[in-house]
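Trainee: In order, the protein sequences belong to chains G and B.
The working numbering applies: residue 1 is where the first sequence begins, and numbers increase by one.
The working numbering applies: residue 1 is where the second sequence begins, and numbers increase by one.
These aren't lab readings, by the way, just hints derived from the structure by calculation.
Just to be clear, a hint being listed does not mean it is correct.
[To be verified] Okay, the calculated bits of chain G under chain B, using three or more residues with CB under 8 Å as the criterion:
| id | region |
| --- | --- |
| 1 | 49-56 |
| 2 | 218-226 |
| 3 | 232-239 |
| 4 | 242-253 |
Even glycine gets a Cβ: it sits at the ideal position worked out from N, Cα and C.
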Amino acid sequence: MTGFSTDCRIVYSEELRDGVHALTFEAVGLTPAQPGQFVHIKCGGGDTTRVLRRPISVADYFEGDAANNVPPEITVVFEVRGDGTQWLAERREDNTLDVLGALGHGFEVPTDGQILLVGGGLGVAPLMYVANANPLRCNAILGFRTAELILLSGEFDRLCRRVVIATDDGSYGERGTVAEPVRAALKSEQYAAVFACGPRPMLRSVAAIAAELNVPCQVSLEERMACGVGACLGCAVETKNGIRRVCRDGPVFDAQEVVW
Amino acid sequence: MTINNEQLTINNSGDASLSVSFCGLVFKNPVVAASGTFGFGREYGEYYDLSELGGISVKGLTLLPRNGNPSPRVAETPSGMLNAVGLQNPGVDAFIADELPTLRRYDTRIIANISGNTAEEYGIMAAKLSDAAVDLIEVNVSCPNVKAGGMQFGTSPALVAEVTREVRRNARVPVMVKLSPNVSDIAEIAVAAVDAGADALSLINTLLGMRIDIKTRRPILANVTGGLSGAAILPVAVRCVYQVARAVNVPILGMGGVCDGDDAVELMLAGASLVGVGTASFTDPFAPIKVRDGIEKYLNGNGFTLPSDITGKLDA
Chain G
1 MTGFSTDCRI
11 VYSEELRDGV
21 HALTFEAVGL
31 TPAQPGQFVH
41 IKCGGGDTTR
51 VLRRPISVAD
61 YFEGDAANNV
71 PPEITVVFEV
81 RGDGTQWLAE
91 RREDNTLDVL
101 GALGHGFEVP
111 TDGQILLVGG
121 GLGVAPLMYV
131 ANANPLRCNA
141 ILGFRTAELI
151 LLSGEFDRLC
161 RRVVIATDDG
171 SYGERGTVAE
181 PVRAALKSEQ
191 YAAVFACGPR
201 PMLRSVAAIA
211 AELNVPCQVS
221 LEERMACGVG
231 ACLGCAVETK
241 NGIRRVCRDG
251 PVFDAQEVVW
Chain B
1 MTINNEQLTI
11 NNSGDASLSV
21 SFCGLVFKNP
31 VVAASGTFGF
41 GREYGEYYDL
51 SELGGISVKG
61 LTLLPRNGNP
71 SPRVAETPSG
81 MLNAVGLQNP
91 GVDAFIADEL
101 PTLRRYDTRI
111 IANISGNTAE
121 EYGIMAAKLS
131 DAAVDLIEVN
141 VSCPNVKAGG
151 MQFGTSPALV
161 AEVTREVRRN
171 ARVPVMVKLS
181 PNVSDIAEIA
191 VAAVDAGADA
201 LSLINTLLGM
211 RIDIKTRRPI
221 LANVTGGLSG
231 AAILPVAVRC
241 VYQVARAVNV
251 PILGMGGVCD
261 GDDAVELMLA
271 GASLVGVGTA
281 SFTDPFAPIK
291 VRDGIEKYLN
301 GNGFTLPSDI
311 TGKLDA
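Here chain B stands alone, though its shape is the one from the complex (with noise of 0.2 Å):
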């Protein structure tokens, strides 16, 4: 599945010299909006043209419509924040007939993120995008704020084994998991998935956190806890992606704290090939795309010619 260089410049409209190949797609550049961060585009879509982006991973979608978990949703903690959100999205229907239509008129690669409450519902999901002709699926077995459908799944290798299955049975697209750092041996996990089907690795999503109002002594999230994001949170991203990297042979969608090209550098000489920017974006809306020249700036400063020079490549 892989492509050459060659014919990554003949598919490529934006700057050869930034594209991916990923799993047999190849994305313009590596820096993805990640899932959760973003909503279905239209927000950011006011600031700037989704078109320079490699990729959108869109807010997390379920079978059915879900409201979410009550608020106060997020918090602030030291470089980073806590959400709670608990997958709150129109259900994958109404992604297929009011959002994508809209996202596809960017020239960028759509990534449909997908949460069940069973098996079934995973493969029911990925058979409706792929109908729709989403690019890639991003398969959520790591949210760590609802009950059934999340982090559950993701902490165990026989049901990540069992969802991967089942959704790489029903897509016609490729599959990529998305892995919780909430476990002990994330490598373990990895391999799970990828011996069930998986065509690519997204990783880390949040941690698992917490925080209390001293004066009031409750907890600030009305779910109590919530997933762990932003800046705090890139050295974990990069040990994971360098034990993922070296556990298995597909691609990886690194990301977690990416804040600047830097950041992302770091991931990418762990193993990952594409890289996700999620909180940065609420700092600074246009942080994806200084992302992306950022690692522009490394790969020419360091006698780089593409992005896939760097995966993998740490000196250890």
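This is chain G alone, in the form it adopts within the complex (with noise of 0.2 Å):
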């Protein structure tokens, strides 16, 4: 039974940084996520004039326990773009959301050795479960355009053995984009594989150095979206296997699978 609900107490609510913001919420009637699936998010309550719900990544999950009655919690990282996030960001403790999830294809984990992960914006955000769920085994290399809009790095630093920030103007970390910290890391050390989320120039130039040092790499896409499930067939990316669906063939691909 795939996982919906129309109750979906907020727990915790926070902005953290200007338009961004983090919800957490109880999970009770979904599915349990796993780290690169999403939930599809009704936003505007009873008014009717959005249609389409918004696909938003699970940035981290707790799986609660049932036989103390303490429910799982999914916790989301968004941006706000139009008027339904910015419904979403004014949502507070107590109140309740329409949730259909968690959706999607997400990262396969090696069972073993260690993993890059690299993020750019808010693709930082479904790598922070990655790492949380997979203790000490992760790097992370994360790029942000300024200083001012790095995000979550201090999670990473406390879920990951090391992390490398780079901004594009050079105002904090590394000058320059995530790519030459990632062949760096790459180089100098033995990764089983590279996960990696962000705009999709990041990600084809993360796929590209993975490739060229034969390190399996992930990748998870974005696109517009309408059913979330598979249906409608509104979010479709080219792939060496035909054309794809990012919201249930996806959102993560293995990178040698898309056609850049």
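Assemble the dimeric complex from its two separately framed chains, guided by the hints.
Mentor: If you want it as structure tokens, here you go:
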């Protein structure tokens, strides 16, 4: 049975930085979230003018304790981009959400070995759950346009063995994109996998570096989405195995499969 | 081809009070999942038993597989959405081999929606799908997102008649023609389809629309234009069903913007025997079931016995 609840109680809300919010809600009635999966949230409450749900990656998951009546919890991190996400940003503790999920195909975590997490901007959010679910196995390279936009770096510091931050303008950490730090990391240490999430040009360059250095790479893709469950074919992506659905076959794909 | 109510009760395995006779077929209830919003049923079949539905109109089929349009394919609009999927589908043969056997496990009517580049292609598909024993063929002459085979056919009475005749000649199951609202006189097209042998009509397909991202000054959809669906188009659907019902004497599957039972009842009062639910499933996967229950509640609450009691019963 696929998860659906119109009554997910919010237990925590926080503005992480200007326009970026974290919400944690009880996930009773939803399917357990795997790293890389997303939830499809109805925004606007009783307002019927927004017909499409908003797909948002799971940034963290707590499985709860059914025996002691402790509900599971899902955390999402999102940026206000329009009036749907604005509505979501205004939700507070004890408000409820209408949620489908967790949905999609997440990261396939190798049984052992180190994982290099590569995130760009908001794309760092789903990687936080990977780091949390795989303690002491992850290193992270996080890219942002500028120092003010850095997100969740404290969490990654806590969950990862090593964290490198790069900013396009050099205002914090290494100057430039994540490409050079990724190349250096893959050359200096053995990794079982690279997991990347962020803007498409970043994913393309990380995929190329990983392929060149023979490290398996998985990327989380984004596309405008309608149903979120695979029925409408709205979120198509071209792959070497044909046209596939970001919501169902992804959002995480083997980087070698994607037609860049 | 009409079946009386006594037979309806005997033939129907569901709730007798909701059955509908539709060009010789019994539907256990008036709600049909609309083509293009429901895939081949696999995904929403994980949420509820598809046997709860009156019928399923499958994703639009073409003779050969199609990749569809590039992304972005969807955009939200006030109370609606645009789509330009472009008839991505595995082709009619793969549907018959890989999808139809699974769908057949459900006790619901299966409607095959077909699009062709030529009248001949429509005919070939109609023959194959009749052999495969689908319940009903829905002839799509109204897709706004493909160059050949779509709306170009559906906006010309002569071409609609030609395609309908070819399908009717090859089909051994009832034929329903799906009409476009993007015409100046939908009744004229409806009459052309019925005169050419259509056993039923379905309407409306999406309205041609477009949105622009004002930051990038580019169209949101890669296809530039797309089909508008969702609650925003309900009044257009009601008007079209009303006009068509007064012009022809075949049953109508009405659709366009139905979100709840009351919306469905509007279309039925305007002349629809069956009602399609499409985009509403994206907001709420259980929307078709809720529409069905809402129709039942209206019938019970207003002293009606069967859905057919309200079809075309507009007091105007």
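Trainee: Within the assertion that chain B covers the region 232-239 of chain G, do at least three residues meet a Cβ-to-Cβ distance smaller than 8 Å?
Mentor: holds (count 7)
Trainee: At a Cβ distance under 8 Å, does chain B reach at least three residues of the region 218-226 of chain G?
Mentor: Coverage by chain B holds for the region 218-226 of chain G (4 residues, Cβ < 8 Å).
Trainee: When I compare C-beta atoms, does the region 242-253 of chain G have three or more residues closer than 8 Å to chain B?
Mentor: holds (count 3)
Trainee: Is the listed coverage of the region 49-56 of chain G by chain B valid when you require three or more residues with a beta carbon under 8 Å from a beta carbon of that chain?
Mentor: holds (count 5)
The structure fails none of the hints (numbered hints given earlier).
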